[in-house]
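Given the coordinates of chain A, work out where chains B, C and D should sit on it, guided by the hints.
Protein chains: 4
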Amino acid sequence: MKLAMIGLGRMGGNMVKRLAGGGHDVVAYDVDAAPGAALAAEFDSVSAANDLQDMIAQLSAPRVVWVMVPHQFVDSTIAALLDAGMEAGDLIIDGGNSNYKDGQRRGCELAEQGILFADCGTSGGVWGLKNGYSLMIGGADAAIALIAPALTTLASNDGKGWGHVGPVGAGHFVKMVHNGIEYGMMQAFAEGFELMKAKDEFDLDMHQISRVWQHGSVVSSWLLDLTGDALEQDGDLSSLSDWMDDSGEGRWTVNESIDLGIPTPVLTLALQMRFRSREKDAFAGKIVNAMRAGFGGHPIRPVSQDE
Amino acid sequence: MKLAMIGLGRMGGNMVKRLAGGGHDVVAYDVDAAPGAALAAEFDSVSAANDLQDMIAQLSAPRVVWVMVPHQFVDSTIAALLDAGMEAGDLIIDGGNSNYKDGQRRGCELAEQGILFADCGTSGGVWGLKNGYSLMIGGADAAIALIAPALTTLASNDGKGWGHVGPVGAGHFVKMVHNGIEYGMMQAFAEGFELMKAKDEFDLDMHQISRVWQHGSVVSSWLLDLTGDALEQDGDLSSLSDWMDDSGEGRWTVNESIDLGIPTPVLTLALQMRFRSREKDAFAGKIVNAMRAGFGGHPIRPVSQDE
Amino acid sequence: MKLAMIGLGRMGGNMVKRLAGGGHDVVAYDVDAAPGAALAAEFDSVSAANDLQDMIAQLSAPRVVWVMVPHQFVDSTIAALLDAGMEAGDLIIDGGNSNYKDGQRRGCELAEQGILFADCGTSGGVWGLKNGYSLMIGGADAAIALIAPALTTLASNDGKGWGHVGPVGAGHFVKMVHNGIEYGMMQAFAEGFELMKAKDEFDLDMHQISRVWQHGSVVSSWLLDLTGDALEQDGDLSSLSDWMDDSGEGRWTVNESIDLGIPTPVLTLALQMRFRSREKDAFAGKIVNAMRAGFGGHPIRPVSQDE
Amino acid sequence: MKLAMIGLGRMGGNMVKRLAGGGHDVVAYDVDAAPGAALAAEFDSVSAANDLQDMIAQLSAPRVVWVMVPHQFVDSTIAALLDAGMEAGDLIIDGGNSNYKDGQRRGCELAEQGILFADCGTSGGVWGLKNGYSLMIGGADAAIALIAPALTTLASNDGKGWGHVGPVGAGHFVKMVHNGIEYGMMQAFAEGFELMKAKDEFDLDMHQISRVWQHGSVVSSWLLDLTGDALEQDGDLSSLSDWMDDSGEGRWTVNESIDLGIPTPVLTLALQMRFRSREKDAFAGKIVNAMRAGFGGHPIRPVSQDE
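Chains as they are written, first to last, in this note's numbering: chain A, 98 to 404; chain B, 98 to 404; chain C, 98 to 404; chain D, 98 to 404.
Same shape as in the complex, but just chain A:
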């Protein structure tokens, strides 16, 4: 099939490569002209677009446009696509990390103009190019039918890695929960490894253990595989900070748990331990120490002896 890809960063660029390798024709566009030109040079089936009008002109109706831009630029990209000539019957797919509620709103707005919309959550990271992605897509049947051949190519395992999980919004909802679970799993491994590292008397080899577990144990997983790779290079991970960032989906998952009144203690704590990792002089600790000094008997470490 033929489709356009907007946004040629690491994710979008890799997806163009995988699509081209799978026999699809791709019109590639990015605000930076360089990656599109490079992709067009590498693949006969890829052409670069100069701007959105050019991109749309290279497609024939019903046009299929995959948007792979940071979530704060999705709305402006969709607006620009409408200005550039997208028409009723065309399909826009948001493949980034949007909040599912934004997807629902976008779907409604585009439907008023007869434009199809689908929201696709994408997991697989930098390994997706080689191994295929895991894709969760939401939208009407007619929308999914238009993009299905590309999804089958993008997905891992001959297309087993994608699923039409529900109406518009469902794709990013499922991806959001996926990431929430991911946070929980990562924190579980992190706590376990920290506990083992703290057990000085056994002088355990973190890398060795990660490998033994990867062969036949209940915790074997892709995350453990990645952990083993990192520990192989540096068993102390001494070059890494312990400051943990987050990219939004974990927060949305907890907010959803609160909206639905469903307990998610482990997913929540995994997120909050990331917040905690960023604090260097927590007021909470000072409050506790103020109370302990107040009711007495507990000598409080003054700030100067902190290390």
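Note that these hints are calculated values from the structure, not bench results. Don't take each hint at face value.
One copy or two, it doesn't matter: identical chains are merged, so the pair holds either way.
[Claimed, not checked] Calculated lysine to any residue pairs in the SDA-like style (CA-CA distance at most 25 angstroms, straight line):
#1 Lys257 <-> Asp333
#2 Lys257 <-> Asp238
#3 Lys114 <-> Leu149
#4 Lys294 <-> Ala185
#5 Lys294 <-> Glu209
#6 Lys257 <-> Glu184
#7 Lys227 <-> Ser336
#8 Lys296 <-> Asp343
#9 Lys377 <-> Asp199
#10 Lys294 <-> Ser335
#11 Lys198 <-> Glu209
#12 Lys227 <-> Ala390
#13 Lys257 <-> Gln330
#14 Lys294 <-> Asn196
#15 Lys114 <-> Asp378
#16 Lys114 <-> Gly393
#17 Lys99 <-> Leu156
#18 Lys296 <-> Gln169
#19 Lys198 <-> Gly345
#20 Lys227 <-> Asp378
#21 Lys377 <-> Ser344
#22 Lys294 <-> Asp333
#23 Lys294 <-> Leu357
#24 Lys294 <-> Cys205
#25 Lys198 <-> Gly358
#26 Lys227 <-> Ala154
#27 Lys377 <-> Asp342
#28 Lys227 <-> Asn196
#29 Lys257 <-> Asp302
#30 Lys377 <-> Ala390
Only a predicted model underlies this, so the values are computations on that prediction, with no experimental measurement involved.
Below, chains B, C and D alone, put in the same frame as chain A:
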């Protein structure tokens, strides 16, 4: 009544003062002679003992001895008391912060020699001297009857502040749970104050809020009172470290929750946030970051950019 | 001073009584005419209004109107007040449990018409009538000055129980955090009491312990006082469900923690244990059991043997 | 090599089969004669022992005996082995789910008699027979050398699935942490699936999602594979209880976290949610409701309206 107090630190010393002020005769002993001499000089009804033999000689059967020493010295103190001449029918009270299981063991061992034992948990800190303590005591009725007049003096509010809560072990068990709850309450306040302090747009006055809440709100409590006192002196608590110590009872509470299979998520998290406060470069965070770098897309802060 | 009160439910009605008892003139209005008539009959300084026009007519500029209605009716009440003739220079106070962001929006909208707005968080429950409330109010100085005499009467301890904590929004923000802390404290007590009740070997008396702790211990608090009152009537609380409701502020507190990136593990868990209490057949448990059956060795309890 | 296996339950029996299939000679013993007879009938290289004396007589020094019995029977089995004639230089391996501290004690006790000891944690469940186990073993080099050929056969992937992780105790310590992590991962998945199931508007297909995620997503893992298998049979898991059991290692992990002062919030909460799943009428909830009724305004659901 007449009793002996072993251990004249802040807690034991204050208790002697309160007992003497309440009309009791106290034989005071400490490995350091100074505090006993000072108390004897201050109160006619207090005499200092030179050693445990002297202390026991100053009591008449049935002797009542209150042990107020750090928990690691309780066993050796009891052994020394037996050597020094404690006899069947006498009573030993452990008033420190012992694990209740140690109290049960001690009670059994002493019972074999006919010596009564009671375990008394004491709350109230440095304010107990003035306001009276809250005392939870475990032991046989005969044991509690021997010490009851002293308990009534030590307790706050004309004796309302003490209770015979059960058999030997029950006193320290109830005190242990008390401290577990205390951890949870302290952490609840700490999190709330931290959240308010982080809300820059409102520029909230922590001290003012602590005082408003203390008058008529649902969270009014002694801990809030102490917090307000500390915030009055320094609204930023800038002289205090955020490194939170713990003194054992919180750990025992969580261990008990695990033994009984009873969920205590809040008490547990309050304890674990104390552990977290002591970590300066947590391996757990590095493990999470190693995974994030592995599946890609997430730039990881190198250790050198940590601040 | 003279002011109007809209909403004469338990909270609003009690506040009218306390204001009248403090020498203020109150115009009382509710969609139900009965409570206003009853208050007017009881207090000379209270008059009932037939409708909002009548209410406004009974006030002279600058008019002060306290709105004490469920949060979903605040917007419609304000709209009706504008229709009924509120003018530039008048003051509207939202004294209910609104989200602080709604207060900020309302403040902006009313400011465009020159009408002053203040948001007041109120704690104290049914005890406020007798003991005075704890009141946290946000707004401009000019707004607070208009309502200050009434606040001093409503508050506990000769006015110590109220504070002007910041600009519009700050009042409900501080009240929101107050309730988040309240959730944490309640859960801490709940876990501790459950742990003690589960310790069969000591056969502890929950009521006795709640009273001993209330006299001089570190956990003494109003919440413990209330717990003791309930346990006095029924030590097993056998007439109460374990299904825990929540009223919104706890959720908002956790959402705020996520917005600000501040860890609040204890406040969060307290909320989520309320959610958990409402589940009777949790899918989460079934998922865990499906895994345990899958990797083997763990016999899974079929649903029919559940009790 | 030749070794004996004591305990022919599901785990021990499967291990004998895998050892026999790998060319080893096994003397099989169980208190129940049937499984040993069956194994001996199936494999030429397996012989059944009538009792421990017979078993030992069938081995030549240095004898290697693998103990695979419930942890409460390990001490009595070792005692019986000593009575039956185990000698200095022989090796006993505890392959069950013992606490690592018991292993350390056993290692010390056996060392006094010159008998080697190793503690081996085993993961892989019922799938180990076919796919090989993941084995973490602790002990002296001399001990591990004696058993290494059998470990290579038992382990998955041509022996990659076993590791000599440290001295005696280290094997069960690492397995304990493995299981702690397993609890956290399982709870993370459970919370995520529950959240998706509660999102009625999307009517999500749990089985479909588990399969899509298994192909290329970050959360792909053996546990997810097992979840997908279960959901394939019954998307609602309606035949399963939500009552979650635990087998001890999760508790030990949290106790270790407390001993070491290392925060493990996610592992801890995963365990405590299992405890919570077993409560049908939690006193904690009643305490919270008693307070809510006390400070007023909150109607409390009486026990009779519980559903």
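### Query
Okay, which hints does this one fail, numbers in order?
4, 5, 6, 7, 9, 15, 20, 26 and 28
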